[in-house]
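Keeping their order, the protein sequence lines are chains A and B.
All the letters of the first sequence, read from the start, carry residue numbers 0 to 271 under numbering that gives the first Met the number 0.
All the letters of the second sequence, read from the start, carry residue numbers 0 to 58 under numbering that gives the first Met the number 0.
Worth flagging that the hints you see were computed from the coordinates, not collected in a lab.
You may find that some hints are simply not true.
[Unchecked claim] Anything over 10 Å on all C-beta distances counts as not near chain A; from chain B, calculated:
#: 1; residue: Leu-5
#: 2; residue: Thr-13
#: 3; residue: Val-24
#: 4; residue: His-27
#: 5; residue: Leu-35
#: 6; residue: Ala-47
#: 7; residue: Val-49
[As the list claims (entries may be wrong)] Below, computed lysine to any residue pairings styled on SDA-like, alpha-carbon distance capped at 20 Å:
#: 8; chain 1: B; residue 1: Lys-29; chain 2: A; residue 2: Ser-253
#: 9; chain 1: A; residue 1: Lys-202; chain 2: B; residue 2: Asn-30
#: 10; chain 1: A; residue 1: Lys-202; chain 2: A; residue 2: Arg-99
#: 11; chain 1: A; residue 1: Lys-202; chain 2: A; residue 2: Leu-74
None of the values given here were measured: they were computed from a predicted structure.
Beta carbons are placed, not taken as given, at the ideal position from N, Cα and C, and that holds for glycine.
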Amino acid sequence: MPPSARHFEALGTTCSLFVAGAPGEHLERGEAWVRALQARLTRFEPDSELSRFNASAGAWIPVSEELEDLLREALRSWELSGGLVNVAVLSAMHGIGYRRPLREGPSGSIAVATPLPALPDVLEVTPGRARLRPEAGLDLGGLAKGWMADRLARRLGDNALANLGGDLAAQGAGPAGDGWPVEFGGHTLLLRDQGAATSSTRKRAWELGGERVHHLIDPRSGAPACGDLGEVSVVAPTALEAEVLAKTALLLGSGEAPAYLDGKAAAWWLLP
Amino acid sequence: MPAFVLKAGATLLTLLAAAASAAYVSSHVKNGAAPLHPAVLTAQVHAADVEAVTSTYAS
Chain A
0 MPPSARHFEA
10 LGTTCSLFVA
20 GAPGEHLERG
30 EAWVRALQAR
40 LTRFEPDSEL
50 SRFNASAGAW
60 IPVSEELEDL
70 LREALRSWEL
80 SGGLVNVAVL
90 SAMHGIGYRR
100 PLREGPSGSI
110 AVATPLPALP
120 DVLEVTPGRA
130 RLRPEAGLDL
140 GGLAKGWMAD
150 RLARRLGDNA
160 LANLGGDLAA
170 QGAGPAGDGW
180 PVEFGGHTLL
190 LRDQGAATSS
200 TRKRAWELGG
210 ERVHHLIDPR
220 SGAPACGDLG
230 EVSVVAPTAL
240 EAEVLAKTAL
250 LLGSGEAPAY
260 LDGKAAAWWL
270 LP
Chain B
0 MPAFVLKAGA
10 TLLTLLAAAA
20 SAAYVSSHVK
30 NGAAPLHPAV
40 LTAQVHAADV
50 EAVTSTYAS
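Here chain A stands alone, though its shape is the one from the complex (with noise of 0.2 Å):
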């Protein structure tokens, strides 16, 4: 019996949800969901609870259960990245034009780009509160799908998939009992309890000023990656570390990305 699937646009991209062996209504409550999440964490609506956190002027204030755990994510990440992912990227995002969602076109002019700063100078967290310093602000983006795609297929049930614009999360055995069949890099494979996700500066890219500008900063210049890989796929245990093990191994370059990936991915695919 096929899985039932739900499709739908959201956080700026396409979202598929999939249970086996369980009632639909399951994947319109998923929807919801993401909706709901969407709306605290974008930070183009300046009431959305990312933005406020943003907007907080260097002062402890309370945050959610949801933000709390991203932001510790956020913080283990830039760890496991070596600090290649950091989410305080809000003002590099600024400087090439990228202020309000791409549908809507970029904006400005491009700014001087200048190196970000280490993520655990610039935010803590606390059971309850955190605190960001006054000039920095986050932009959680790619980390935040990975993060709701693990947290959402949990939710579905024990058989379920959520991918939400290719970060993607597969729980359980799947439709027929042998792993959700999921594409990758020119293969099914079949998924299981296992997450996966692509990084890429193809998509999410724009002109601005003459120059062709893409949205995935390089931490260590403040401006937009130019390493000799344009797109990563990686398969590992949980949505969340694809999206970081991607990333980072985009950002290190096809000499260096294979002996980073190796140990820590389950399959990966790097394309120029």
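Since the structure of chain A is provided, determine the placement of chain B on it from the hints.
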């Protein structure tokens, strides 16, 4: 054999070789987006010959 036949033959051979080379090159254009090497799959994943329900993709 007259000299002009040899010259014409050499010219024709040269033109044919150039045309064949051009045809081969234009039918084997390098794909700039081709992967650097096939996907690396460890023992932690299993491939199967079944239809996928979804895929990873850049967004």
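Do the hints match the structure? See the list:
1. Every CB of chain A is more than 10 Å from the CB of Leu-5 of chain B (nearest about 48 Å), matching its label as outside the interface.
2. Chain A leaves Thr-13 of chain B outside its interface by the beta-carbon criterion, the shortest separation being 36 Å against a cut-off of 10 Å.
3. A cut-off of 10 Å between C-beta atoms confirms that Val-24 of chain B is not in contact with chain A; the least separation is 21 Å.
4. Against the 10 Å criterion, His-27 of chain B stays outside the reach of chain A, whose nearest CB is about 18 Å from its own CB.
5. Some Cβ of chain A comes within 10 Å of the Cβ of Leu-35 of chain B; the nearest lies about 5 Å off, and the non-interface call is violated.
6. At the 10 Å boundary, the C-beta of Ala-47 of chain B falls inside the reach of chain A, the nearest C-beta of that chain being 5 Å off.
7. Some Cβ of chain A comes within 10 Å of the Cβ of Val-49 of chain B; the nearest lies about 5 Å off, and the non-interface call is violated.
8. In summary, the hint linking Lys-29 of chain B to Ser-253 of chain A is supported, as the alpha carbons are separated by about 19 Å, within the 20 Å threshold.
9. Distance restraint check for Lys-202 of chain A and Asn-30 of chain B: the Cα-Cα separation of roughly 18 Å lies within the 20 Å cut-off, and the hinted pair is therefore satisfied.
10. Distance hint between Lys-202 of chain A and Arg-99 of chain A is fulfilled; the C-alpha atoms sit about 16 Å from each other, no more than 20 Å.
11. For the hint pairing Lys-202 of chain A with Leu-74 of chain A, the CA-to-CA distance comes to about 26 Å; that exceeds 20 Å, so the pair is violated.
Hints 5, 6, 7 and 11 from the list above are not met by this structure, while the remaining hints are.
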